[in-house]
Amino acid sequence: MDVPLAEELEWLESAFLQEESVEEFEEELPVASGAGTVDDCLNPPFQSQVSSRKRPSSLESKAAPEISSEDKRRKRSAAKDDEEEEDMIRCSPSKDQSAFISPTHVDAAADFAPLDELSPAVAEERFLSRFASEIDGDCIPVTGPCGERVYAKMSAGAMDYMPKKLGIERSGLLSEPINVLMEKVEQEALLKALQESAASSVDSVEVTSPDNEQLWVEKYAPKSFTELLSDEQTNREVLLWLKQWDSCVFGSHIRATSDDVLSSLRRHCSVVQHHKAYGHKNAFGQKASLNNQIINQSNTENDENGRLQGSSEMWNKLSKANNGTPEQKVLLLCGPPGLGKTTLAHVAARHSGYRIVEINASDDRSSSTIESKIIDVLQMNSVTADTRPKCLVIDEIDGSLGEGKGAVDVILKMATAEKKHVGSKDSSSDVATGKITSKRRQTATLSRPVICICNDLYAPALRPLRQISKVHMFVQPAVSRVVNRLKYICKKEGFKTSSMALTTLAEYTECDIRSCLNTLQFLNKKKENLNILEVSSQVVGRKDVSRSAFDVWKEVFQKKKAKHERKSVKGFGVHGDFKLLDSLISNRGDYELTMDGIHENFLQLCFHDPIMQKTVRCLDVLGISDYLFRYIMRAQQMSLLVYQPSIAITINRLIAQVEKPNIEWPRLFHRCRAMLMEKKDLLTSWHSRISPYISRHLSSEAFVEDVVSPLLYILSPKALRPVALHLLSENEKGDLFQLVDTMVSYSITYKNSKPEAPAVPQKYGSSSDAPAFSFDPPIDELVNFKGYQSGHATLSLAMKQIVAHEVGKHRILRGSAGALVGEAGDAAALPSKSSSPAVPGGDQGRGKTPPTLGLSKTPANGAPKKAYRDSNRAPRRPANFFDRFRKPSKESETRGDEGREQEAGKRDSRRRPVLFKYNEGFTNAVKRPVRLRELL
Amino acid sequence: MQIQVRCACGEGGCPEWAIVELQGVVEADPSIGNQLQNLEIGHLCCSSQSVYKFTVGYHELSGTKVPLKKPLLVLKKRKEESLGGAESSTTELEVIGIIRHRILFKNRPKALISVPQTKEKKTG
Numbered sequence: 001m002d003v004p005l006a007e008e009l010e011w012l013e014s015a016f017l018q019e020e021s022v023e024e025f026e027e028e029l030p031v032a033s034g035a036g037t038v039d040d041c042l043n044p045p046f047q048s049q050v051s052s053r054k055r056p057s058s059l060e061s062k063a064a065p066e067i068s069s070e071d072k073r074r075k076r077s078a079a080k081d082d083e084e085e086e087d088m089i090r091c092s093p094s095k096d097q098s099a100f101i102s103p104t105h106v107d108a109a110a111d112f113a114p115l116d117e118l119s120p121a122v123a124e125e126r127f128l129s130r131f132a133s134e135i136d137g138d139c140i141p142v143t144g145p146c147g148e149r150v151y152a153k154m155s156a157g158a159m160d161y162m163p164k165k166l167g168i169e170r171s172g173l174l175s176e177p178i179n180v181l182m183e184k185v186e187q188e189a190l191l192k193a194l195q196e197s198a199a200s201s202v203d204s205v206e207v208t209s210p211d212n213e214q215l216w217v218e219k220y221a222p223k224s225f226t227e228l229l230s231d232e233q234t235n236r237e238v239l240l241w242l243k244q245w246d247s248c249v250f251g252s253h254i255r256a257t258s259d260d261v262l263s264s265l266r267r268h269c270s271v272v273q274h275h276k277a278y279g280h281k282n283a284f285g286q287k288a289s290l291n292n293q294i295i296n297q298s299n300t301e302n303d304e305n306g307r308l309q310g311s312s313e314m315w316n317k318l319s320k321a322n323n324g325t326p327e328q329k330v331l332l333l334c335g336p337p338g339l340g341k342t343t344l345a346h347v348a349a350r351h352s353g354y355r356i357v358e359i360n361a362s363d364d365r366s367s368s369t370i371e372s373k374i375i376d377v378l379q380m381n382s383v384t385a386d387t388r389p390k391c392l393v394i395d396e397i398d399g400s401l402g403e404g405k406g407a408v409d410v411i412l413k414m415a416t417a418e419k420k421h422v423g424s425k426d427s428s429s430d431v432a433t434g435k436i437t438s439k440r441r442q443t444a445t446l447s448r449p450v451i452c453i454c455n456d457l458y459a460p461a462l463r464p465l466r467q468i469s470k471v472h473m474f475v476q477p478a479v480s481r482v483v484n485r486l487k488y489i490c491k492k493e494g495f496k497t498s499s500m501a502l503t504t505l506a507e508y509t510e511c512d513i514r515s516c517l518n519t520l521q522f523l524n525k526k527k528e529n530l531n532i533l534e535v536s537s538q539v540v541g542r543k544d545v546s547r548s549a550f551d552v553w554k555e556v557f558q559k560k561k562a563k564h565e566r567k568s569v570k571g572f573g574v575h576g577d578f579k580l581l582d583s584l585i586s587n588r589g590d591y592e593l594t595m596d597g598i599h600e601n602f603l604q605l606c607f608h609d610p611i612m613q614k615t616v617r618c619l620d621v622l623g624i625s626d627y628l629f630r631y632i633m634r635a636q637q638m639s640l641l642v643y644q645p646s647i648a649i650t651i652n653r654l655i656a657q658v659e660k661p662n663i664e665w666p667r668l669f670h671r672c673r674a675m676l677m678e679k680k681d682l683l684t685s686w687h688s689r690i691s692p693y694i695s696r697h698l699s700s701e702a703f704v705e706d707v708v709s710p711l712l713y714i715l716s717p718k719a720l721r722p723v724a725l726h727l728l729s730e731n732e733k734g735d736l737f738q739l740v741d742t743m744v745s746y747s748i749t750y751k752n753s754k755p756e757a758p759a760v761p762q763k764y765g766s767s768s769d770a771p772a773f774s775f776d777p778p779i780d781e782l783v784n785f786k787g788y789q790s791g792h793a794t795l796s797l798a799m800k801q802i803v804a805h806e807v808g809k810h811r812i813l814r815g816s817a818g819a820l821v822g823e824a825g826d827a828a829a830l831p832s833k834s835s836s837p838a839v840p841g842g843d844q845g846r847g848k849t850p851p852t853l854g855l856s857k858t859p860a861n862g863a864p865k866k867a868y869r870d871s872n873r874a875p876r877r878p879a880n881f882f883d884r885f886r887k888p889s890k891e892s893e894t895r896g897d898e899g900r901e902q903e904a905g906k907r908d909s910r911r912r913p914v915l916f917k918y919n920e921g922f923t924n925a926v927k928r929p930v931r932l933r934e935l936l
Numbered sequence: 001m002q003i004q005v006r007c008a009c010g011e012g013g014c015p016e017w018a019i020v021e022l023q024g025v026v027e028a029d030p031s032i033g034n035q036l037q038n039l040e041i042g043h044l045c046c047s048s049q050s051v052y053k054f055t056v057g058y059h060e061l062s063g064t065k066v067p068l069k070k071p072l073l074v075l076k077k078r079k080e081e082s083l084g085g086a087e088s089s090t091t092e093l094e095v096i097g098i099i100r101h102r103i104l105f106k107n108r109p110k111a112l113i114s115v116p117q118t119k120e121k122k123t124g
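Which chain is which? The protein sequence lines are A and B, in order.
Residues in the first sequence are numbered consecutively from 1, following the UniProt record's numbering.
Residues in the second sequence are numbered consecutively from 1, following the UniProt record's numbering.
The following block holds chain B by itself, in its conformation from the complex (with noise of 0.2 Å):
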């Protein structure tokens, strides 16, 4: 059987993406509930060329950049019905994206304590 793949974007021209690797759980508050359209995750931020620095709610991740052994593809589905009924319809997968590095936080978050915040809590 042959699953066809194509890829859209020609030769080098495959958008890059990467894998954010946590150890750990990003969860989030439970006052929130289903609202996590367009949910705020964290500032993400490359300091150098290989560290990154990941800041989710009150704790900053620090990790690097790390190429992996085997490169992934993003891949998306897409099914084409075509004129012949259901025998005939066909899926393709759709080359979206490659992945050559992940970025790796496996270190212990540091805590952020905000100064401003605390202040904010006085006057108010």
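So that you can see chain A by itself, here it is in the shape it has in the complex (with noise of 0.2 Å):
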């Protein structure tokens, strides 16, 4: 096929057109000239294409783009019928009759009517040349077949069809002649005018719904990311944050966003901010509202200036700091329910170019399955039609604690050892950012970002991914944003609602869009009007959540000014917060929780009692409380929770204060408890280490009762000067023998405490802030209460440190001897009451070195026995370490050593001819060449 010359091609063009423009005329259809001429001739490169291959026929040359041009405007007009429609419906029936009588007219009219002015122009220019300097403007180069090439005039306003135009001609020839459909489609559009505009002045709600009916949540879900409903900076964070993954995951570098992309953006908001703006006011003609929006959108636009800026630098930085993947590696969305935050992530993340796969509550969540599906979407490719890279979408990630956290699970490990690694590389190189990315990728780190959203931040289940994430809160969005939405869906669907209603009912609904949508979607289907007064047996749909115990604590102690009086108008306030607050507390389920809050907290609270009546009433309820948990934990008789919200509403109607409660978390029950466990600990450790004789006749109830605080005196007497040893008199020696020998025997002594804890030593008497000495286990502590101060008095800490050292002595001692004794051990132990403690003391106090004083203080029948074994060991120590059990007993039997050696040397011998010897890791087999004439 030749490549047409460019004076042919225009002869065709024209000749072309004035038959076409002929033969629309005859089939007398209203539009179909003007829009084909005026199509045709916009579309040169298309034109000329379809041309060269005709040519040999001209007649199908010119049949080709009529049908073409027939059958497109036929889609469109098409199309345009199904828009029509759903206006329609909208409208009132007389204005659809107007529209619909030349639905195609209008359509056709409405496309080209600003093409129209450009065709003179354009008809006059050169369309096709085989220079391109001849043609004006964008051209496109053709390459015929043969190799010969054309360059072709590029008409903007033709750009966008020419695809789809293409397309359509690709796809072949009509089953039907292009006239016999135009007929059908016009007759099936007047029909269905007709029905229509029947059926409207009917009743118009049967026709907007149809059964298969969307939900208008996700009919009318923000769709891009200026449609948004939540608040545009974490919007915009969130954003940012998948943009950090670019790097990773798209390879390509980070780039700083430029200073003329910023401030487009910045136009591009304000601009969308302006119409929507304008777009508020034509709809909605809220006037008064609006003044303030614009001058709120204006400032929020300037914060949004410095906010990309700051943005910006950061990119910037962390580029630098991080190749690759954003520092927190996955990003936590949290919030009430109802307030977008899903549809943020899916819109983010759309936005970004990703694909999402969403894991959900209701999906299987069990930890392996999890991770291997992690691991899919982290790490593969799909190579089916969607090729885009996939983030990953967990919802409700808190859902159950034990299979939420197989999923949090996963991640962490995954996103620590991402860290690991990163930490690691990046000491390497910082240069080789693509090679890196690809080597990571084969290791099982995170490599795709992954949002994760929860209604409840502070889960248990959360608390580490906490704090490896980027954590978003997500905050009610203003009401009138809520309700300017509505409206606009409100109108859409053809739903009649007062504003006032619409904000009652985002309020009740504290913003949760998709309660309200689906409130309005069923009272819509229905035929019912919102009523205001009657919200919140209306609403439906709402998403279970468990609000957080401080809000159940402070629902508790609050009464709701507004609402209530509001409520208490209409006649069922009293009775609605019994509802509410009864729902509130069950809902929240941990009882044992709530009523310790109220317990520990109400207190705290201004209320107005003179005579401590409510107080009282307020213990009292609560007494009833703890035995009725008592007898349910006991009798395991859960049902009988129930009565539990019950006594929190009465506490409730006694004391709720309109101020804002100082709520604390409840902690002193913990707090005690521990106490008690850790001093009962200590009680029972060091019962157990007194010398049985003692210990016996304390039960530590007794001992805690009545024995310490006495204890204590004794342990810390008056009389004794803080002087050294050898100074003191021999009373003060009796004195301080005495108390070492108790403390020995209580197994007390003083320690050195540390430094981290001064706050003991210092309150009892040791000034200095230098080594402080305490009671080793520290019996002082079972006096220590709250505002009271025992009034035992404390050595110094010269005296202390004396008695210390005695007392480490006096134990050693007191440990050898009653280890050899034995069964002496009653006698040895007691030596203050065997021996007279004069004696003793004086030793003590005068030599210095332990075994004296042990030898002297050591009862008579003790030491002397100890004397004679070790004579009797003395000259003859034994080589075997066992012997030294065996031999002292037959001693006297044995005879000498070396003959018994050798003779069990002989036993051996006779009893074991033959021995292994063991060739520890190797082997030393022989081979042996074996002859043949060995064999012969």
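No lab work stands behind these hints: they were computed from the structure.
Where hints are given, some of them may not hold.
[Unchecked claim] Listed next, the in silico SDA-like pairs over lysine to any residue satisfying Cα-Cα at most 20 Å (straight line):
(1) 917(A) / 43(B)
(2) 917(A) / 55(B)
(3) 70(B) / 95(B)
(4) 614(A) / 630(A)
(5) 65(B) / 52(B)
(6) 559(A) / 525(A)
(7) 110(B) / 913(A)
(8) 525(A) / 215(A)
(9) 110(B) / 915(A)
(10) 106(B) / 926(A)
Put the complex together from the two separate chains, hints included.
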């Protein structure tokens, strides 16, 4: 096939146009002529192709474009029809009629109105040339099969249609002639219009709600970033975070947003916002609030500028610090339901070019399955249709503790692995980013963004995740924003409401737009109107949510002023409150904690109570609750838990105040319990250390109640002067010995307590904060109560030091004595009772060497025995360790060692003629050649 | 050259032998000298299907029964003097056993400390 010459083509075109227009007129279609001509002449490249192919038969060449143009128009008109239908439903019937008399005409006119103006100018220009220079503006090269090349002019307006048209042309011929189809379509449209007009006069609602109607929530979910209802800053930060993955995921280097992009972005924002604002105005005519809005928006716009710059700086920083992935690998969105967390995640991810893979609460979320799933998502790429990188969205990750934890663990593991990895790699090279990224993908680390969504940020399962992820709290959007969106949707759906009612609804649901929309759709279906007064009964589809404990306490302690008034006027205020509180508390579930919190916090509340009546009543009620609990826990009658909320409600009625209560987490109970356990522990361990002949007379209860305080007095006598030992008088030495003796008997000593716990020793007298001594089993803490100071004096630091030293010495001596004496242990452990205190005291004072002290103090029957043994043992040290135990008893009978050894050796050899020697680690097997002659 | 191997025991009737493979050396006490005849080396016990215990001296070895990759033949050389002098004297190899398994003791031996012995020592 030849490539047509330019002149020929031009000629063809003009001829064709004339012919076609004639044809079109003959068909008496009102639109066709205009549309066809303009359309065709605006598509020179297409036409040139067509004509070049169909040149042999010029008739066909005429038919083909005609078909295509017709076809296209039909398609468009059909599409328009659909739209028109939708529009029409919302319009008044009279308008519909006028619109539907000539739908195609309207469409075409609308479509081509701007192009019509262009067409004369375009027609004069050259469309095709062998030289690009002969064509003004953009041109496209067209190469024929034989290699000849022409340049075709590109029309800006026609560009958009070109691909579509080509596609149609390629799709082949129609099964039915176009004229027939056209007529059919028109007839259908007419019929529909007639039906519609008839139906709409009867009931418009029926038409709008076919059976398989989409949920409004999904239908009107934000599709693009600018439609999001959530807080602008949060949106941006989420997007920024996603963008930080770009270098890792898409392999492109992170660039800082250049200034021109930034400014254009700003312009875009402002345009969008102003556009929105005007849109609101046009749509709803809210002038009063509109002004505020505009002002607000301009403010936020300024803020945004700053923010954007800040973010760009951050971006730079980040890209330097971390090659590829952002510092926090996981994004955690949290907030109450219906604020658009999931929507934001989806929209932002789509916006950044990711394919979203969502793991929902309804999916299998056991640890093993989720791990494989996450690895699938993060490291594989789809071969089929969608090759975009994936972004994992884990919805309701806090859902249930056990299962959610699996996901959290897996993510945590991967994220931390990544961190280690990066830590080791950062040092190696910062230059070859691409290389590192590719390497990193091989390891099982997080290489795709993961967005987690939860309602309760402080769920225990999320605690570890919280530390490594970037957390965004969702706050309620402004009520006006929600109301505006609701209004827009209501208008689109043809549901009549007032803004007052919508505001009430939004307030009631706490800007939970999902619940709002569900309610509205429900009411729409039921053909009811939104009733301001009964919003609470009308709201449907709220997500079950348990509030935090703090919320519950707040509700208990705080009256809602405004709402309360409004409701009480209507006469169901009290009842409503009851219900609300009851459901709140029972939804929360953890009654014990709730009651604890109430118990600990209600006294901090400032309520009017001159004769303590309310306080008493509250405590009474709490007591009942406690009894109830005890019974419930003992008898396992969990059904009785139903009565717990009512107790809280009683308290609410008694003491609720309008002021915001200052609520603290109840810790006292747990602290008390922990302390009790600790002290009990201390006591028992100490009790077991005291020698049994004392401890058997002391039950731990009696000890705590009766003995500890006097013991403390005894252990800190006032008479002792803090001087060196040898300066003490005999009397004082006696006292000291007695003290040491008591302390040893009760196995108490002084211990150099660490400086990080200075509170205890300082309280009890030792003034210097250098080495402070305190009792070793800290028995003084057993009587250490808040606001109570034990009256016992405390020894000075020097004295304590001396005493501690002496106690240590004494203990060693006694220990050795006791071990040696054995059955005489009782006597040895009672030196103070068996021997007079004066003599050993003197001894102790004078002689510092422990052995003499020990010998002099050990009772008479102990010492000689030991001496005897020592002398016995001295001459012959046993060579064998085991011999030591065996020999002393049979010392007299045993013969000389040498003789015995020999004998043993003999017997051994007699009994064991063959011994095995193990060769460790090698085999010395021998391979010996066998010669043939040996076999012969 | 042909070597005749004769199997007198018939098909499938060859006596089964086994190799005891030790990692180490079995040594006779020097005091025994050359009287190795009829010396008891130790006890070999089969404690279960493939687990064997071998007690040598004061060591207990535990080993397993391992099939050989190639079975071995145990041959016995037998010379038969025929009438025709040296030339015609033929040598026959007789199969006296086939080895299909070996019992491998490759682990470190466990030392046996026998209590009665010390008692004996003391009293004696």
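Given hint residue 215(A) paired with residue 525(A) - CA-CA distance at most 20 Å: holds (11 Å)
Given pair status - residue 43(B), residue 917(A), alpha carbons within 20 Å: Answer holds: residue 917(A) to residue 43(B) is near 16 Å, not above 20 Å.
Residue 614(A) paired with residue 630(A) [C-alpha distance capped at 20 Å]: violated (24 Å)
Distance restraint between residue 70(B) and residue 95(B), which requires alpha-carbon spacing of 20 Å or less: At roughly 16 Å apart (the allowed maximum being 20 Å), residue 95(B) and residue 70(B) satisfy the hint.
Given hint residue 926(A) paired with residue 106(B) - CA-CA distance at most 20 Å: holds (16 Å)
20 Å Cα cutoff - pair residue 110(B), residue 915(A): Satisfied, since the Cα-Cα distance of roughly 13 Å is no more than 20 Å.
Proposed proximity, residue 52(B) with residue 65(B) (alpha carbon, max 20 Å): holds (7 Å)
Restraint check for residue 917(A) with residue 55(B), where alpha carbons must lie at most 20 Å apart: holds (12 Å)
Restraint status (C-alpha distance of residue 559(A) to residue 525(A) at most 20 Å): Violated, at roughly 36 Å.
Holds or violated: residue 110(B) to residue 913(A), with C-alpha atoms at most 20 Å apart: holds (18 Å)
Figure legend: structure checked against the earlier numbered hints; hints not met, in rising order: 4 and 6.
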